[in-house]
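Protein chains: 2
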Amino acid sequence: MTPQISIERLMASVHELGAIGARDGGGVCRLALTDADKAGRDWFVKSLHALNCEVFIDAIGNIWGIRAGRTEDAPVMIGSHIDTVATGGLYDGALGVLAGLEVIAALNASETETDLPVAVAAFTNEEGARFAPDMMGSGVHQGALDLDEMLSTRATSGDALVGEELRRIDYAGQDLPITPSAYLELHIEQGPVLETEGLKIGAVTGVQGIHWTEFTVRGQTNHAGTTPMSLRRDAGQVGFAIARLADEMAQELGEPQVATVGVFEVSPCLVNVVPDRARLTVDMRNTDGDILTSATDRLLSQAQQIAEAAECTLDIRPLARFAPVVFDDALVTRVETAAQNRQLPVKRMPSGAGHDAQMFAPNCPTAMIFVPSNKGLSHNINEHTDATDIEAGAQVLLDVVLDLTGGLK
Amino acid sequence: MTPQISIERLMASVHELGAIGARDGGGVCRLALTDADKAGRDWFVKSLHALNCEVFIDAIGNIWGIRAGRTEDAPVMIGSHIDTVATGGLYDGALGVLAGLEVIAALNASETETDLPVAVAAFTNEEGARFAPDMMGSGVHQGALDLDEMLSTRATSGDALVGEELRRIDYAGQDLPITPSAYLELHIEQGPVLETEGLKIGAVTGVQGIHWTEFTVRGQTNHAGTTPMSLRRDAGQVGFAIARLADEMAQELGEPQVATVGVFEVSPCLVNVVPDRARLTVDMRNTDGDILTSATDRLLSQAQQIAEAAECTLDIRPLARFAPVVFDDALVTRVETAAQNRQLPVKRMPSGAGHDAQMFAPNCPTAMIFVPSNKGLSHNINEHTDATDIEAGAQVLLDVVLDLTGGLK
Numbered sequence: 001m002t003p004q005i006s007i008e009r010l011m012a013s014v015h016e017l018g019a020i021g022a023r024d025g026g027g028v029c030r031l032a033l034t035d036a037d038k039a040g041r042d043w044f045v046k047s048l049h050a051l052n053c054e055v056f057i058d059a060i061g062n063i064w065g066i067r068a069g070r071t072e073d074a075p076v077m078i079g080s081h082i083d084t085v086a087t088g089g090l091y092d093g094a095l096g097v098l099a100g101l102e103v104i105a106a107l108n109a110s111e112t113e114t115d116l117p118v119a120v121a122a123f124t125n126e127e128g129a130r131f132a133p134d135m136m137g138s139g140v141h142q143g144a145l146d147l148d149e150m151l152s153t154r155a156t157s158g159d160a161l162v163g164e165e166l167r168r169i170d171y172a173g174q175d176l177p178i179t180p181s182a183y184l185e186l187h188i189e190q191g192p193v194l195e196t197e198g199l200k201i202g203a204v205t206g207v208q209g210i211h212w213t214e215f216t217v218r219g220q221t222n223h224a225g226t227t228p229m230s231l232r233r234d235a236g237q238v239g240f241a242i243a244r245l246a247d248e249m250a251q252e253l254g255e256p257q258v259a260t261v262g263v264f265e266v267s268p269c270l271v272n273v274v275p276d277r278a279r280l281t282v283d284m285r286n287t288d289g290d291i292l293t294s295a296t297d298r299l300l301s302q303a304q305q306i307a308e309a310a311e312c313t314l315d316i317r318p319l320a321r322f323a324p325v326v327f328d329d330a331l332v333t334r335v336e337t338a339a340q341n342r343q344l345p346v347k348r349m350p351s352g353a354g355h356d357a358q359m360f361a362p363n364c365p366t367a368m369i370f371v372p373s374n375k376g377l378s379h380n381i382n383e384h385t386d387a388t389d390i391e392a393g394a395q396v397l398l399d400v401v402l403d404l405t406g407g408l409k
Numbered sequence: 001m002t003p004q005i006s007i008e009r010l011m012a013s014v015h016e017l018g019a020i021g022a023r024d025g026g027g028v029c030r031l032a033l034t035d036a037d038k039a040g041r042d043w044f045v046k047s048l049h050a051l052n053c054e055v056f057i058d059a060i061g062n063i064w065g066i067r068a069g070r071t072e073d074a075p076v077m078i079g080s081h082i083d084t085v086a087t088g089g090l091y092d093g094a095l096g097v098l099a100g101l102e103v104i105a106a107l108n109a110s111e112t113e114t115d116l117p118v119a120v121a122a123f124t125n126e127e128g129a130r131f132a133p134d135m136m137g138s139g140v141h142q143g144a145l146d147l148d149e150m151l152s153t154r155a156t157s158g159d160a161l162v163g164e165e166l167r168r169i170d171y172a173g174q175d176l177p178i179t180p181s182a183y184l185e186l187h188i189e190q191g192p193v194l195e196t197e198g199l200k201i202g203a204v205t206g207v208q209g210i211h212w213t214e215f216t217v218r219g220q221t222n223h224a225g226t227t228p229m230s231l232r233r234d235a236g237q238v239g240f241a242i243a244r245l246a247d248e249m250a251q252e253l254g255e256p257q258v259a260t261v262g263v264f265e266v267s268p269c270l271v272n273v274v275p276d277r278a279r280l281t282v283d284m285r286n287t288d289g290d291i292l293t294s295a296t297d298r299l300l301s302q303a304q305q306i307a308e309a310a311e312c313t314l315d316i317r318p319l320a321r322f323a324p325v326v327f328d329d330a331l332v333t334r335v336e337t338a339a340q341n342r343q344l345p346v347k348r349m350p351s352g353a354g355h356d357a358q359m360f361a362p363n364c365p366t367a368m369i370f371v372p373s374n375k376g377l378s379h380n381i382n383e384h385t386d387a388t389d390i391e392a393g394a395q396v397l398l399d400v401v402l403d404l405t406g407g408l409k
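Those protein sequence lines, which keep their order, are chains A and B.
Here full-length UniProt numbering is used: the first residue of the first sequence is 1, the next is one more, and so on.
Here full-length UniProt numbering is used: the first residue of the second sequence is 1, the next is one more, and so on.
It should be emphasised that the hints constitute simulated quantities derived from the structure, not laboratory data.
Just to be clear, a hint being listed does not mean it is correct.
Claimed, not checked - With a cut-off of at most 16 Å between alpha-carbon atoms, the simulated EDC-like pairs for lysine to aspartate or glutamate come out as follows:
| hint | chain 1 | residue 1 | chain 2 | residue 2 |
| --- | --- | --- | --- | --- |
| 1 | A | Lys-347 | A | Asp-329 |
| 2 | A | Lys-375 | A | Glu-195 |
| 3 | B | Lys-46 | B | Glu-16 |
| 4 | A | Lys-375 | B | Asp-276 |
| 5 | B | Lys-375 | A | Asp-276 |
| 6 | A | Lys-46 | A | Glu-16 |
With these hints in hand, go ahead and build the complete structure from the sequences.
Written out as structure tokens, the structure is:
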């Protein structure tokens with residue numbers, strides 16, 4: 001019997017887990033290592049046991065279950081996270097973990113044996129909403145972050161340490177290194193591309209590199225009426241010009257380059273006073289690290305010229321410089337092919353957001369599967385993906401798992 | 001004997017009045033109709049009496065003294081104000097009143113008789129810092145503002161009414177209409193033009209028209225990583241483009257057009273979120289009402305196009321629309337000529353800020369004399385004008401008064 005995704009069973013899981021930490025008025029709040037997160041973890045562990053998986057908990061609180069294969073080779077791992085932001089939806093992270101459970105349920109129901117074991121993982125604190133940095137569990141798991149440093153990380157609110165909270169909720173396990181033979185993650189796109197283009201599956205090629213830069217411009221306050229244009233040192237206008245430049249550069253470079261000016265402040269912020277200070281941030285992303293670096297360099301040097309021409313001073317502070325992550329091309333192609341085999345409209349696309357998968361990419365063949373997000377909404381209680389799209393994504397995940405594990409060979 | 005300005009006497013007055021309401025750390029706080037304002041008014045009335053002037057107090061609390069002429073014709077009036085903003089300097093307003101006193105002192109000392117009487121006035125609440133609108137006393141005096149409405153105006157802080165405060169400090173007089181034969185006001189420039197151009201006197205041609213407009217842009221929040229440029233409705237970028245447009249239009253129109261974006265806010269104001277809302281103000285000024293109106297119209301219509309192209313909505317709210325005030329050309333020329341006769345570098349220039357003089361301009365020949373402001377600073381405890389520049393300005397004022405009143409004929 002060919003294993004099949006049961007969308008009824010999968011959606012039942014979505015709603016069962018979604019009821020844990022449900023917010024009044026909709027959405028979910030399962031901030032990492034809170035009581036709600038513990039309840040979600042307990043539910044996940046119970047579900048793994050019910051599927052006859054062996055359950056492991058490591059020193060940073062990651063949970064995974066393994067369904068044995070015919071061999072004891074490294075498993076194919078399906079992972080994501082079940083922590084959420086404070087006003088999260090039902091799908092961000094949870095869907096990847098639940099689709100993993102569903103893959104195992106489908107293998108069990110069809111009594112399918114695989115050569116390689118299959119693991120399903122939920123990683124600690126992917127969101128970074130309560131403890132920084134984000135992708136903490138997968139980062140420690142794959143050696144990108146230091147365990148002891150992470151255990152002594154204090155909550156942004158100041159109320160607790162990661163290590164204390166892990167012990168409190170009884171999820172402080174032991175060091176358990178594991179390198180899977182491959183890593184797969186199903187996730188909602190969290191963006192509008194698939195929906196806009198009428199596609200059902202994104203074969204994710206990697207994660208964009210991210211450069212965050214803060215610009216602080218200082219000029220001179222002046223009376224808006226008595227100061228001719230030629231005698232001004234208008235920090236606001238320098239800021240506006242840098243903001244426009246970032247946008248124009250991204251438009252000019254074309255996809256996948258993006259640039260966002262999310263923060264902009266002027267002071268003194270009065271109608272009839274020329275501002276003496278402006279502060280803005282530019283978030284630039286690209287899958288091509290060289291293009292991204294050269295775009296950032298160009299922005300910084302042109303911003304400096306704009307400030308100098310206006311006789312303003314400019315402080316430039318790099319807030320983040322993350323290189324792009326490239327997923328395994330052969331594995332991305334397997335995802336793409338699996339979608340095509342099911343007549344699902346698919347495209348190769350980068351991820352604009354960070355995911356646990358990027359921590360695995362340097363160490364084992366890694367790929368992700370995106371399904372559409374309604375209106376591109378995420379980190380929002382109205383986050384939604386149609387059940388038929390979830391079914392398609394989970395089926396592609398199952399197909400690739402069977403392909404990789406030698407199931408049905 | 002030819003009347004002469006005594007700069008020693010004038011600077012002694014500047015420091016005597018400046019001591020009333022002096023702030024710890026420098027500068028002056030004589031907010032309208034406070035105890036400090038009353039003390040300043042008492043000092044002014046005492047000074048007028050000492051110069052043998054007849055003193056009048058009208059229903060809105062304006063104070064003027066009249067030095068009799070050979071005729072009983074309408075006087076030449078010299079006016080300004082002695083109220084200040086909360087962190088005011090020694091010169092804004094006060095200099096015009098004190099220079100008027102000094103003109104009378106010089107006429108007295110030289111025993112000069114004039115055909116026309118000379119009046120020196122201090123108008124109530126020019127600053128508008130405690131009660132809105134500003135230029136209240138001169139506005140009521142010249143019939144542009146309604147007396148009863150102004151008397152029942154509540155302080156911005158809510159603590160008192162104009163009428164109550166006038167009675168409390170004993171400056172509620174009676175309705176005393178007066179139309180001078182001409183109105184003159186010496187004032188610090190409050191801007192950097194004279195200092196920058198090495199000039200000593202500004203022959204003020206009028207007050208710029210002022211258009212204040214608030215723009216509120218609404219788009220859609222989106223994830224900075226997952227939303228391609230083409231699928232954004234970025235309210236921030238629409239705001240930046242409008243802000244740049246205002247500046248570019250002013251640069252392109254050339255002097256005296258100015259445009260200032262003083263207020264700019266985005267929300268949610270997060271590094272990695274495309275803003276769904278931006279609010280900005282544009283302050284545009286020009287001495288030519290037609291050019292100003294057409295510039296504002298063009299800004300509004302192009303702003304609308306920018307918003308539409310970005311699929312954002314735009315709310316436009318006019319906050320202020322004041323037509324330019326044009327001073328009497330012949331009187332401006334007399335100021336210019338008086339400066340030239342004393343080899344003082346002079347230029348005709350508009351005022352970027354509002355002054356009591358603009359209330360007189362529709363009703364009698366009116367002009368103003370500007371003297372340089374150090375670094376263009378005003379409404380600032382470091383406001384400063386050199387004594388030699390004050391002397392030059394007061395001398396020009398005296399020369400024009402003699403010219404107009406038939407003194408020394």
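Now for the hints, and whether the structure bears them out:
no. : hint                  : verdict
1   : A:Lys-347 - A:Asp-329 : holds (14 Å)
2   : A:Lys-375 - A:Glu-195 : holds (7 Å)
3   : B:Lys-46 - B:Glu-16   : holds (12 Å)
4   : A:Lys-375 - B:Asp-276 : holds (15 Å)
5   : B:Lys-375 - A:Asp-276 : holds (15 Å)
6   : A:Lys-46 - A:Glu-16   : holds (12 Å)
Every hint from the earlier list agrees with this structure, and none is contradicted.
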